[in-house]
Structure formats: structure tokens, C-alpha cells
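Q: So the sequence lines, in the order shown, correspond to chains H and E. If you're matching positions, the first sequence starts at 1 in UniProt numbering and goes up one per residue. If you're matching positions, the second sequence starts at 1 in UniProt numbering and goes up one per residue.
Be aware that one or more of the hints could be misleading.
Claimed, not checked - Among the chain E residues that face chain H by a calculated CB cut under 8 Å, a handful are:
| # | residue |
| --- | --- |
| 1 | Gly36 |
| 2 | Thr124 |
| 3 | Asn126 |
| 4 | Val191 |
| 5 | Ile193 |
| 6 | Ser214 |
| 7 | Leu218 |
| 8 | Val219 |
| 9 | Val222 |
| 10 | Asn225 |
| 11 | Gln227 |
| 12 | Glu283 |
As the list claims (entries may be wrong) - Over the 10 Å line for every Cβ pair with chain E, so calculated as not near, a few chain H residues:
| # | residue |
| --- | --- |
| 13 | Met1 |
| 14 | Glu17 |
| 15 | Pro22 |
| 16 | Gln40 |
| 17 | Ser43 |
| 18 | Ser45 |
| 19 | Gln52 |
| 20 | Lys53 |
| 21 | Ile54 |
| 22 | Asp60 |
| 23 | Lys62 |
| 24 | Phe75 |
I should point out that these hints are in silico values taken from the structure, not numbers from a laboratory. No residue lacks a Cβ here, since even glycine has one placed at the ideal position from N, Cα and C.
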Amino acid sequence: MIEVKYFGAVAEKTKCEFEKIPFSEVSLQQLLQDLEIKYQFDSLSFSVAVNQKIVPKTIDYKLQTSDVVALLPPFAGG
Amino acid sequence: MNDSTRYNRQIILPEIGEAGQYKLSKAKVLIIGAGGLGAAVLPYLAAAGVGEIGIVDDDVIEVSNLQRQVIYKTSAVGNYKVDEAKAMVSELNPLVKVNAIAEKLSGKNAIFLFEQYDIVVDATDNLSIKYLINDACLVTNKPMVYGSIFRFQGQVSVFNYQSGPTYRCLYPDENSQSLNCTDAGVIGISVGIIGMLQANEIIKMILEIGEVLSGKILVYNVLNNEQQKYDFEKNTIAKLDKKTFEEKYKVTENQIEEIDAEVILNEIDNDEVLFLDVRNEEELPKLNFKNGIQIPLIKLENEIEKLNPNNTIYIYCQSGIRSNIAAELLQKKNFKNVKSIVGGALALSQIVKEKIAD
């Protein structure tokens, strides 16, 4: 399983703060595209972390089982 | 009462001592924003004896601020936040020098202000100003203590600490959007906790103790008390010289904000918005907005007192050219939120017709 965590406005779109996704040999890029189709993030901007480390969105990374991916949008309130 | 009595309980901490207290007394911290975060950061820095604190904010206190901006009193509604904040500190700790700066931070004043302090605190409530603070911190080589809120979640980090990663390394997309507290809602405790975490980073940096949240963003959720830290690296060419900075921000500041006529339709009944027609009286089509006023462009400068600089003003003319000139004029006169309607009255009347036909 891969765990995906959502924060801020992204979690409001997904209506959950995390979900487990059955592991299949996908790239991070593919996972992000699948999530985009599922949740229609549209103009929402966010950074992506794998295992507590922010990675470039364009990174060529093959997800491993038990990886934790997080989508972190910027917050603006204060 | 001497100073060491006041600060005794922190001086007796081995990590602080008289030497640490001396560092605090010599430190200069600039807080951008005297809202929820600023109101949490400020009293703790002042009480701890930070020597000099600047506060930048051009807002006045509104009654809807009091639920979370806990340093302000009900009787102070309508007063400048920075003046009230300064008065609060002088009662709390008269040893602290406070500079109340009732200005909006911009590309024009940021460098000058930042140069006079050691640490800059981002206690603001919108995204674009965070890029400005980040960039001005790069030019002046100051650390930026970041805090921000989305509903029940908050983020904290320290950027550009000893040339470490910056806000742009974490969030490179300058055009992204996120709701602020006014639009998204917030409880006072969330901003309080995040402001307190910012104050903690500031004190640690001054005292050179502990680990600073550099290259790490802490995300806190007050509903379940979960907190996570994410690492990030320096990934932009984080050098920025003063000339590049000035070109970037002078240019953007002089830009007129334009708004599409379609977007306006939703605001026609908004009492907070004024529709300003800068055409001459005889020009057609006439548009009757509930909150409308007509001041021909040629008379605008002389009749400017008819307008409230704090209002949101949407300006239109026939096609959208004169309204740009009018918007520029009002911006120069310190009107904060003016927008020029693209396509002017012609576009507006077309859309209104379509709406009626629907």
C-alpha cells in the first residue's frame, strides 16, 4: 500500500486527510496524474513530499510499497 | 526593579544566562503584519526582552479582528494596529524599543526597513507578500520566519537562515492562491499556536540554541494535534541583487489590475464595491449600478475626495482605456484596491443584456 496525505485546501478537495492506495508499480508522476483526474485539483497549487521530503514535481521516481506521499499547498492566513 | 530581576526565570536557564539575555537585548526583529500571528509573536518577544521590535501594518482594528488578535481592546476599534501594539508593549516591558510603522510593505520600502533589523517575521495574510518578503530577505541577507494558517492547520518554517533554503524553494509557483483567514475562517487558538512557534524560532535564533526550522516545514493540525516536519532543499538560484529586486517590484507595482466584466456580475449587489464610471455624462450606454458614481476622468483628480481610498473600486469607461489611466491615478493617491474593468461599459452592457435574456 501507498499512503497519500492531504493538507489545507487540497484536503478539502479530497474530503479526506489521507488515503491508502493499493501498491502497483507506478511512478510518482502517474500517481499525481491519477489523483488529478480523481479530484480535479485544477488551479490548486501544492508541493509534493515523498517520505517526509519535498521532491521536485518533475522527478522521475518509481514509488515503492509503503511510501508515504504528501500534497502540501501553501497557506495564506495570518 | 533591575533588568535581571525581570528576566530572572529565563536567565537561570543554563542555555540562556546573562550572556543570552544580553543577546536578546541587542536583537532587532521586524514583524510584518499586526494581525493574528503578529499579535501572538509580539508580546512574547517583548516580554523576553528583545531589544528593538518593528511592526509594519497599515490596517486599523476592526471588531471582527478581536476574536483572534488578542492584544487589542474593544475600545481601540478604529485605531491603527501598530499604535495599539506599541502601547501594549510599552506597558508590558518599557525596556523594549518599538517602532510602529503604519505602512503597507511594498517593493519600495522593504529593503530599507529590512536592513535595519536582524530577523524578519512573516505574519502576513496573503501569498504575494510572502514572495516580496522572501525576496527582500534575500537581498538584505536576513532570515525570514514564516507562519501561515489554513483553517485548523498551520505551517511554520525559517527561510534564508544562514543562506539556507527559501520560500521559493518550497513554493516556486508565485501565481498560486490560497484563502486567507478573512475568507476561510479561523479560530484564535490556531493563529496563537503558530505565532508562538514562530516566536520560539526567533528566540532560538537570537540565543543560538536548539535547532532552527531551516530546510524544514512544520505542519500542525490543531484538530488532532498531529504535527509533521517535511525536509526541503535549496533548489533555486537563491541569489538576488538589489537591482533585480527593484526592477521586479517596481514593475509589478505600477501594473494596473484589470478585471473581466463577467467576474463583475457577481459583485453588482456587493455593498463593499463601488463602481466608478469615468466617462463623460453624455456617453452611452448608461449603466445603473446600485453602488455607482460618475466622475469623468478629466475631473477625477479634483473630485477625488468623493471616493474612499479603503473601498474596493471597479472603474470602467467606454472600452477600458480611460479606466486604466484612472486606476493608475488612484493607485498613486494610495487607493488600495482599484481595478479596471476590461472592455468597459460596452462589455458590461453586453453581459447584462445576456443575463436578462437568460
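Q: Would you mind marking each hint as holding or not holding in the structure?
A: Checked hints:
| no. | hint | in the structure |
| --- | --- | --- |
| 1 | Gly36 | holds, 6 Å |
| 2 | Thr124 | holds, 5 Å |
| 3 | Asn126 | holds, 5 Å |
| 4 | Val191 | holds, 7 Å |
| 5 | Ile193 | violated, 13 Å |
| 6 | Ser214 | violated, 14 Å |
| 7 | Leu218 | violated, 11 Å |
| 8 | Val219 | holds, 6 Å |
| 9 | Val222 | violated, 13 Å |
| 10 | Asn225 | violated, 13 Å |
| 11 | Gln227 | violated, 12 Å |
| 12 | Glu283 | violated, 37 Å |
| 13 | Met1 | holds, 19 Å |
| 14 | Glu17 | violated, 8 Å |
| 15 | Pro22 | holds, 23 Å |
| 16 | Gln40 | holds, 16 Å |
| 17 | Ser43 | violated, 7 Å |
| 18 | Ser45 | violated, 3 Å |
| 19 | Gln52 | violated, 5 Å |
| 20 | Lys53 | violated, 5 Å |
| 21 | Ile54 | violated, 4 Å |
| 22 | Asp60 | holds, 16 Å |
| 23 | Lys62 | holds, 20 Å |
| 24 | Phe75 | violated, 4 Å |
When each numbered hint is compared with the structure, violations occur for hints 5, 6, 7, 9, 10, 11, 12, 14, 17, 18, 19, 20, 21, 24.
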